[in-house]
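Sequences listed follow chains V and Z, in order.
Counting from 1, one number per residue, gives the positions in the first sequence under the numbering used here.
Counting from 1001, one number per residue, gives the positions in the second sequence under the numbering used here.
Calculated from the structure, these hints are not laboratory results.
Cβ coordinates follow ideal geometry from the N, Cα and C atoms, glycine included.
Each hint should be verified, as a subset may be incorrect.
Said to hold, decoys possible - Using C-beta positions, here's what the derived DEER-type ranges look like: (1) Gly44/V with Arg1016/Z: 49 to 55 Å; (2) Thr1079/Z with Glu94/V: 40 to 46 Å; (3) Glu133/V with Lys1042/Z: 40 to 46 Å; (4) Lys136/V with Lys1042/Z: 36 to 42 Å; (5) Arg84/V with Asn1037/Z: 34 to 40 Å; (6) Asp1114/Z with Asn106/V: 54 to 60 Å.
Protein chains: 2
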Amino acid sequence: MFHNDKSSPSSKQEERLSLLLWFRLSRFYNQSLRRSNFHLKKWGLTVAQFDVLVQIGTHQPLTQKELAAKLFVTKGNMTQVLGRMEELGWIKREQEWKTKVLSLTNLGKEMYEDVVPHQEQFQASQFQGLTKEEQKQLLDLLRKLQHQNNNAEELE
Amino acid sequence: MFHNDKSSPSSKQEERLSLLLWFRLSRFYNQSLRRSNFHLKKWGLTVAQFDVLVQIGTHQPLTQKELAAKLFVTKGNMTQVLGRMEELGWIKREQEWKTKVLSLTNLGKEMYEDVVPHQEQFQASQFQGLTKEEQKQLLDLLRKLQHQNNNAEELE
DNA sequence: TTTTATCAGTTTAGGTATAAACTGATAAGG
DNA sequence: CCTTATCAGTTTATACCTAAACTGATAAAA
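Generate the whole structure from the sequences, applying the supplied hints.
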């Protein structure tokens, strides 16, 4: 983790700005998460489960490691969430070589078809405070942040 | 929760965009949270505890309800986090009328003075993929989102 | 004064997340 | 062939967070 020593005419201010950014981000994230969870309750889903459903649904087949990497969470976390979803009959895990291959069951597919459009619509309502242009800007900024941060990070 | 019915020439796309935004946001948030937790471990703090420390440190005195509102979390959550921090001797809770007034202990103040500058610097490094201008843009977009969403929401 | 509302904070049950230690199977080197 | 790495996934302990039910005290209404 480097830091840029030639910057700093007013680097104190930049630090304050970053702290503020973090606060704003986590407040908004918390709020969104809570509302999404509430919305998804109609289908008996949580946000974590919805995320998994979408990833498997669109990238099937997928191993647990790949899934964890896509969602930026630990593999230990995946074990837990997938365990619950398997019990509920939404996904299958099949041992193959040394990995487990994930796929949706029929029930999971139905769930996917049904819930994704509703959740898309709901998410749209969460971001309607921004114009389409602003939404694209936001996406762009987040993409840049991700790129910066992906150098030399491996999640264990 | 309204939605804007007169929009939609290409509202399908906007919905896709929103889902993408959500994914990006939560990936970045997860990653940041994990790194911040790792960084704060040097002081034996978690991010949740750091947030509380900052809020009490800068807005002292404060009730639990006010704190929960500032952090956009539930009061039940506050009870837990504050309980742990009280045990560790960083904060005090004093019953007053029907509320509990929060303040930092001496130990808590020392912690605050020591950790805040380091964490500011660390957060700056997390956002260094963006120019100062872009960081302000991001802050601005997050502010707009917050405003939209604050209409008619009370957290219980 | 007694009853009823209200309201801050607590408790409980359950899902989510991490880090760190562990398991068991494949693969690589001796 | 046997030993040692490696690597996907699991387990365990701990913290976070929520929703929902509960407690106990103040305040308002009867």
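Status of the hints after comparison with the structure:
1. Gly44/V with Arg1016/Z: 49 to 55 Å: violated, 24 Å
2. Thr1079/Z with Glu94/V: 40 to 46 Å: With a Cβ separation near 43 Å, Thr1079/Z and Glu94/V satisfy 40 to 46 Å, so the hint holds.
3. Glu133/V with Lys1042/Z: 40 to 46 Å: holds, 42 Å
4. Lys136/V with Lys1042/Z: 36 to 42 Å: 38 Å Cβ-Cβ, so the 36 to 42 Å window holds.
5. Arg84/V with Asn1037/Z: 34 to 40 Å: violated, 24 Å
6. Asp1114/Z with Asn106/V: 54 to 60 Å: holds, 56 Å
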